[in-house]
Amino acid sequence: MPRTTTVESSGCPPLRALTFDILGLIKVVEAKGEQKEAPKVVEKWGEPDASRCVLAASLVDREFDPLLGVARKSGKIEVLSPVNGDVRASISIESQNHPGSADNSIVGLHLFKGERLGSSSRSCNLLTCTSKGQANMTYVKMSKSLEDSGGESTQTTWNVCGSGSILCSKVDADESYALFGGKGVEVNIWDLNQCAKVWSAKSPAKNSLGIFTPTWFTSATFLCKDDHRKFVAGTNSHQVRLYDISAQRRPVVSFDFRETPIKAVAEDVDGHTIYIGNGSGDLASFDIRTGQLLGSFLGKCSGSIRSIVKHPELPVIASCGLDSYLRIWDVKSRQLLSAVFLKQHLNSVVFDSKFSTREAQVPPQQQDTYEALQTEEEEEKTVKRKKASKEHSGSKKLKTKKKSKRSKGDGNDIA
Amino acid sequence: MGRKRNLSEDGGREDEEEKPMKERRVKEKQEGRESMRPSMIKNKEKRAAVHAKLKQQKKVEKRKKVKAREAAEKKALELGEEPPPKMVPRTIENTRESDETVCLPDDEELFAGNDVDEFSAVLKNERSPKILITTSRYNSTRGPAFISDLISVIPNAHYYKRGTYDLKKIVQYANEKEFTSVIVVHTNRREPDALLVIGLPDGPTAHFKLSKLMLRKDIKNHGKPTSHKPELVLTNFTTRLGHRVGRMIQSLFPQDPEFRGRRVVTFHNQRDFIFFRHHRYIFETKESKQKESKGKKSKDEKNPPERTIARLQECGPRFTLKLISLQHGTFDTKGGEYEWVHKPEMDTSRRRFFL
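Chains as they are written, first to last, in our numbering: chain A, 1 to 415; chain B, 1001 to 1355.
Calculated from the structure, these hints are not laboratory results.
Since no wrong hints were added, every one of them can be taken at face value.
Short, incomplete list of chain A residues facing chain B, as computed with Cβ under 8 Å:
id, residue
1, P48
2, A50
3, N236
4, P261
5, K263
6, G279
7, S280
8, G281
9, S302
10, L322
11, D323
12, K343
Only a predicted model underlies this, so the values are computations on that prediction, with no experimental measurement involved.
Each residue gets a CB set at the ideal place from its N, CA and C atoms; glycine is no exception.
So that you can see chain A by itself, here it is in the shape it has in the complex (with noise of 0.2 Å):
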């Protein structure tokens, strides 16, 4: 018997969502209009250079002034408009911490949505880590050029951990807290505010058989929005380990998911869901609550998966890794809407759920006119393919024209 399938992509509700590859590049899928279409790479930025090689991005999602920081394989640190990808600032850590340590590359970073250190929209609070277990906390001034930023910046650094390879960190929704762990590092948790460790976990008892697994942490996420005090850890040994702080120590849930290690863990907004996965590009959902697998996602998925992020607003996670395709799922039915090749190994991708609201506000003449300069470009691109470099250049201009276009309206927005 033949078994053939036929996967029918049905399409994905309008998003967009940006990824960060092995060469450097970032790049722009959109999945547009309400025909369900499926979703394409409408902008990629940067040039293909390995030492740019993207280790870690976040996201500031929000309508007014959206901003993405990108750590980059060479020590810097750049923020981008997620809008148009125009640099706002670049700042260097690696120069300033250990000039010269090749393994001390940076393994998380944070971009601070709130206020901190009297930040406003010229300025932005980073907090990144390396993996010795350098947690660095900048401030950073950002200006509209280039050439004056990454000028003044102010730092704070402290020491996460003495020893081994720090492999995860993340910061809570309220951003008062930060979790850091690795290979031979147990999850601890720091108080940003004081710069000072609250909480650090311990490794579980020997099993039965006297055999001690050693701690290697490879993901963490915490749980819930409003909460703190409940996260969860994935590790080496393809387990998956539910801690509460309040509680004890030790984890409160823990369970085994296939047979590689875990690397990627996402969290649902409803609490209790999470979405795994692990190294031989297997995804699936479990309930913490109980530790029950909810179900698996199941498609041609054949590389290591990287980076799991959940839509804030629509039932659709995205996925990318070693296979080099971003794919979005549906959370209901975990059925695969549709997977967009990328062409290389993609480190990280994020959500940029705001963007269809910051369209509308761009007024409808305007829009018709960028939109006139799209299709020019796009006739553009068919034509002289081969000048890519060339013609990129060309699209920035365009995407600064609209930029502008979009600041007067939102001047006009708020007069």
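Fit chain B to the supplied structure of chain A, relying on the hints for placement.
For chain B alone, coordinates are given in the frame of chain A:
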């Protein structure tokens, strides 16, 4: 009973001349065409006769068709027209399911990715390949023989006894000694059945199933390879994954072949199976037959027209590989991340290929 008689009548009818009997036609239509199938006849002799007759008919028809086609072609040639288009048989390969991961020649990102991948140091001649070959823990008969064949194929390959070392320890050792790849020949029941190729220092690990192994001594009229650096032929590695596997194989061999040696090593991919062959070739000049007769007529010509032909002689082992998994980083089964693993749910169609 009635049916049986009917069938035998059917069989008999073939021999008779066709009678335009209305009744029979109607009956036939009612029963459908299935009644004509010889396999439904129960008498063996009759069945065989009917079958032979049908087969003969088909053969004649086919011959007619071919003749007609040839005639049309000839006619077109005479008239100086375009000959009718040649029919291309439909094969599984050329009806392959379209795949968006197939590499395109104008893909800039692909070249940028190639420039920085794990094999680029070897492929750009910055490092010369140095291969460590070892075995699984237990190893006997065909395993060592295969390894000695492999060593004669791959230049600068060194065999190390496995002993009781962990593979991770061996990888560490090979890294220190500046090897560029490690090949592990896995043997099961005295028969090599898997090949593990590990790129160093941080290259991927490919796990292949090895089958249809034929050693050099089992190949009739095999040649003895020289120690020249071989030429490498990689065919049909089309997708991103295939491209990567191809580059990995390429990085096992030196990038400056010595054409004097006339040695070719072929890795041919067909339907995700990678066929390995090792040949020696020679260009020979031979007097062509047609012009020989002419040469005889005019013997005063000094050099009769010659043509060069290429002759192949197979040497070295012959085997087939199939990719099971490609793992990111060096060998690590517990904590490794896979770039590609074969999963049963991916086999949705026999026309879907990954390399």
